[in-house]
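Undergrad: Residues -11 to 1063 (our numbering) are what the sequence shown spells out, left to right.
Keep in mind the hints are simulated off the structure, nothing from the lab.
Please read all numbers here as calculations on a predicted model, not as lab measurements.
Don't take every hint at face value.
Claimed, not checked - Cross-link-like lysine-lysine pairs, in silico, DSS-like; alpha carbons within 30 Å at most:
id, residue 1, residue 2
1, Lys752, Lys611
2, Lys785, Lys803
3, Lys550, Lys599
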Amino acid sequence: MSSGTKERIIESVFSRRNANGVLEESYVSHVKIWEDAGAEGGGRKPRYILLSQASNGNGFLHKSKLNTNGSYSVGKTWRLAELRGLQVINPLSFNITLSRTYRWQTENPPDQSQFLEAVVRLFRTVLPDASLQLDGLDDAPAPVRQPVTNGVSAAPRRPPTAQRAATPSQIDERNPSPPPPRSQSRNGIPSRPSSPTNSTRGYASSRTAPRPPPPSTSPQPPRTRNPGRPSNASTTSSQVPSVNLQTTSASPRLVDNDDRNASSDSLAVRSQPTAVESQRAPSPGPRTTKRSATVAPPVEGVSSRRDQNARVSFFDPGNQVALDRLITGPSNDPDGEEETVQAMMSNVEEMIEGYEWAIDDVIGRKSSSGAADLIEARLVDELMALDKANIHSFLESDDLIDVVLKYMDEALSELDSMDSLVSSYKIHLNAVGDDISYIQSQNRGLQVQTQNQRALLAELENLLQTVQVDKDALATLTQESLEKSAGIQRLEEASTELYKALQAGQDTDMAATMERLQEYRTHNAQFCKRIFDFLSIMFTAQAQMLLGSNDGLTKEGRGMPKMLNHQDIEQYLGRYAGLMLYLKEMDEKVYAKLCAAYFSAVSELHSSQIKALLSAYITSVRKAVEEDLDQGFGPTPTAGAYARGATGMRRAGTIMRSPMDARNKDKDKSADGKRASEVFGLVLEQIAPLIYREDEFIADFLQINDAALTFADYMSLDNYFRRQASRGVGLSQSTVKLVRGAMELIFGFLPEELKNWLDNALAKDNMQIIGLLACIERFIAEADEKGNAFLLNALGKQQMRLKGLFDRHINEQIKGVEQTKLTSKKRNGVVHFVKHFPVYISLVESQLIGADSLEIRATVDAAYDRIVQSMFESLKQMAKMDGEGEDKGQLNYHVILIENMHHFVAETSQIEIGSVTVFLRKAEAIYDENLGAYVKIVLRRPFGKLIDYFEGVERLLKTTAPSEVSTNANYNKSALKKVVKEYNAKDVRKHVDALFKRVEKHFTEASEKTTTEESGGIAPGTVMVGVWKACEEELQRITELMMKRISQCYTDSGVTLDYTATDVEAAFRRHRAGF
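When you get a sec, could you build the whole thing from the sequences and use the hints?
TA: Below, the structure is given as C-alpha cells:
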C-alpha cells in the first residue's frame, strides 16, 4: 500500500489529539475496497477501510472515502468488539461479520492479507478472551501450544506412568540423586520434571500399602514420547523404568494427603520463580537421558492430561497457560554437573514445601527439632519406596515396558486417527452449517415469496372484481332518467362502476378481461352519446325559457331595464358537473361536441339580452345643447351665435360674465336624458358581472381550468384509480383550442355591439368622449383585478379606438384656434376661442369627476397644454402691429393681449383643477407685461413733455452729479420752470379726463355694436378696472419721482410742481364708479 496514501489518511483522520496532547486514535492499517453503488449509483465506488486503536486501548474500523481535495472523510465506524468473524472468499474479496455481514473486494492480495492479519492481531490484543470465527485465515498461534509438524495433530500429553529408565548397573548411581529435570521438546521448551518419589510412592501404596509418604514439592511432569523410537531391544533395555504403571487404586490416605496439601502446593508452585523451575534436580539416569535426547527424532507434539491421583503441585490442562508462563527457558545442564548452590537450595525448598509448617507446634513453639524429625522420617520413607520401586522395575522392566509401550503406541495411533476423524467431522459440520444457513436464507426467501404471491393473488382477485360491472349498473346507464336529481346521482354511481372497470383494464392484457372490457367500452360510448343528446336539447330549452318574450330583460316601473341573471340555468346545469367530468375523461370527442353545443346556445342567449339592453339604453343618452354644437374654438359663422354666446355681457368689453352661467341655465333644458358616459357605465355594470359569472360557470361546469380534477377525485375513489386517471388526463390540441376560446365563442359579438353603441352615443354629443374613456378605464381596471382576459381585451380595443377619436378631436380644436384671425382695423374685444376655453374645460371636467387616478386624466391635461399653447401663439400672431400710425400698432397689440389675458385669467381661475395653475401663471405674466407697456404709452400723450424732461434728468444723473444738473443748458432752472408751468392741478384734471376717454375707447370700441347698455363708469370686475388702476399708479409713481428729482437736483431754485399726488388721485377717482 502507498506510503503517501497512509500519510494522507493519518493527516485527515488520525491527527486529533486530546487535552493531554495524545492522539485520540492511532493508525494501524488500511485497505482499499470496492462496493456496489446500487441501481442508481452507476457501478462500483471506491472506499477505504481504516483500522485504528484508540488511546484507551479500544480498536475501531472506519469506512472512509477519498474527497476531491485529496483528504479522507469517515462515513461509518464500527467498534472492533462488534467483530464476529472473517471469511476469505478469494485473494481479492472477503466477508466480514459485524452487526451484519459485508462483502468487500480489494485491489491486490498482499494488501488484503496484510490488513486481515492486522485485524486479527489487534482483535487478539484488545479482546484476548473473545471468540472470533475465521474461515480461510490462520489464527495467531497460542502462547503455550506446540506447533504441529508435518501436518499431524499434536498428541495429548501422557501421564508420568512409563518414564524410561537406565540399565540396572546405573540404578545404584541414580538412586541418591534428586528428581530429574524436565525433558526437552523439539522447540526447546522444557517439560515439567518427573518425580520418581511420587511414582514410587504410588506404586508402593498399590502393593504394600505402607504409611503414605508426605507429598513431594516437585510437580509431576508429563511423559515425553518419541514417535520415531527404535524398536530394537538394546535401546529398550537401556532405558530406565522410573516409577511406571501408577495405579488408579491409590489408598484413601494418599488421596486425603494430596487433597489436604493441594492449596499449599499450588500456592508454592505459583510463588516459585522461573529459575527454580528450570534448576530442578537432575534425573536418575543422566547418561540415558542425554543419549535418548540425541538419538531420538524430534518430538512431534506434546499435550497434557490430568491424572486423578497426581499431586496438587502438578498443573492440569486448564492451568497450562499459567504453567508455561512460569517455565521461561530450558535447562542448560541436564546432567546436573554444574548446579549452583542456589539451585540446590531451590530443590531443598521445593522438597520441603509440602510439609505442614503451619501447625501449632511449629509456629507457636518455634521448635526446629520437630520439623527435622518430620523431614528425616519423610526422607527415609521416600528412600525405602524408591528402593522398592527400583527393584520392582528392574525385575519387570523388559517384558512390561514393551507391552506398555506397544499399547501406548496403539493408543497414540488411535488418537491420531480420532484427531483426523474429528478434523474431517469439523469440515463436514462446517459444510453442513453452510448448507443450513443457505437453507434458512432460502426458507426466508420462500416465505417472502409466498406472502408476495398471496398478496398478488388478492390483487388479482380484486382486479377481477373491479373489472366486472354489475348488470344493474349497466341497465341504470341506459334507462335512468337524466332529468331528476336522484336519477343523476344514481347515474353517477353506476358510471363509477363502469369507470373503475375501464380504468383498471388499461394496464392488463389478460384474455379473461379483454372481451369484457370491449363490451364495457361499448356501454361507455352509448352512455356518453345519451348525455350529449340530452344536454344539447336542454341547453337550447333553458336559454329560450330565460329569454321569454322580453329578450331576457325586466323593467320595474319607470326605471331602466335590467337583464335577467342566469342563476336558474346555472343551478340546473350544475347538477351534471360530475357527468361532464366522466364525459371529458371517457369520450373526448363527445365532450368537445357538447362544449361546442353549449357555447352556441349560451352565445345566442347572451347576444339577445345584450343587444336588447344596448338598444334600450341608447335612447336614454341626451343630445348636446345647441350652444355646445354651435360654439367651438373655431370662428363662428353668424353673428347670432356671438350674440347668444355673449349674453353674459352687461356692456360689451366692459362687463363679461362667466360663460358657465349660461350652461347652468341650460341644465334645466336637458333634464330629459343622461350623459353618454353615465348611461354607458350603467350598461357595463350589467354586462361585466354577466361575463364574470359566465367565465366562472364554464370553468366549473365544463372543467375548463388548471385544477386537473378527475372523475376519480370527484367520486372520492381509491388512490389507484386517481393515479390511473391522472395518467390519462390531457385533451387533444383541437379540444384545448376549443375550450380556451370559450369566451370568444360565447361573447364574440360583444366588441362590435359596443362599437356601434359608442358611435351612436358620440353622434349625439361628441364631447362625451372623455367621459366614455373614463368609464372604460374604470371597468378595465376592474377586469384586470378579476383576471378576466376577455373583457380586458374587449374594452381595451374600445379604449384604443376612442383615444384615437379624442386625439382627432383635439387636433380639430387646435385647427379652429389657428383659423381665427383678427385685423388691425377692427378690434372685436375678447377672441372667441378665449371665451370658449373655460366653457370647454367645464364640459370636460364635469366628465372627469373621480378620475384623477385614471389614464384619461393625464391625457386631458396634455390636451389642455396643447390647446393653451396654440391659443397664446395665435393671440400673439393676431396682435402683431400693422405699422399704422406712430404707436397705434403697439397699442393695438397690447390692448388685444390685455383684454384676452384678463378674460382668460378671470374665467379660468374659477375652475379648481391643478393642471390649470400653470396656464394661469403664464397668462398673468403676459397680462402684466402688456399692461405695463400700454400704460406707459397712453400716459405719454398727455404728460409727454413732463415725462421726457425728467427722463433726460435721469439719463444725466447717470454721468453727472445731482448738484451739476442745473448747470446744464437743457436742464437748468429756466427749463424746469417752463415745463412745470404747463402742468397745474387743473391741467392734470383735464389730461386725466382725456386719458379716460382714450382708454375707454380702446377697450369698448369693438363691443358697442353688440350692446345697448348705457355707460355709467367702470363697472367692477371688468378689464377697465385693472387698466385704469394701473394708469393711476403709474402717474403717481412718475409724480413722486419728479418731486424727488427736483428736491435733489434743484434745491435752491425754489421751483416745485404745481400739482400734488392728491390732485392726481382726485382726478382718477372721478372716473371710478362703484369702487
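Undergrad: Please list, smallest to largest, the hint numbers that this structure does not respect.
TA: none
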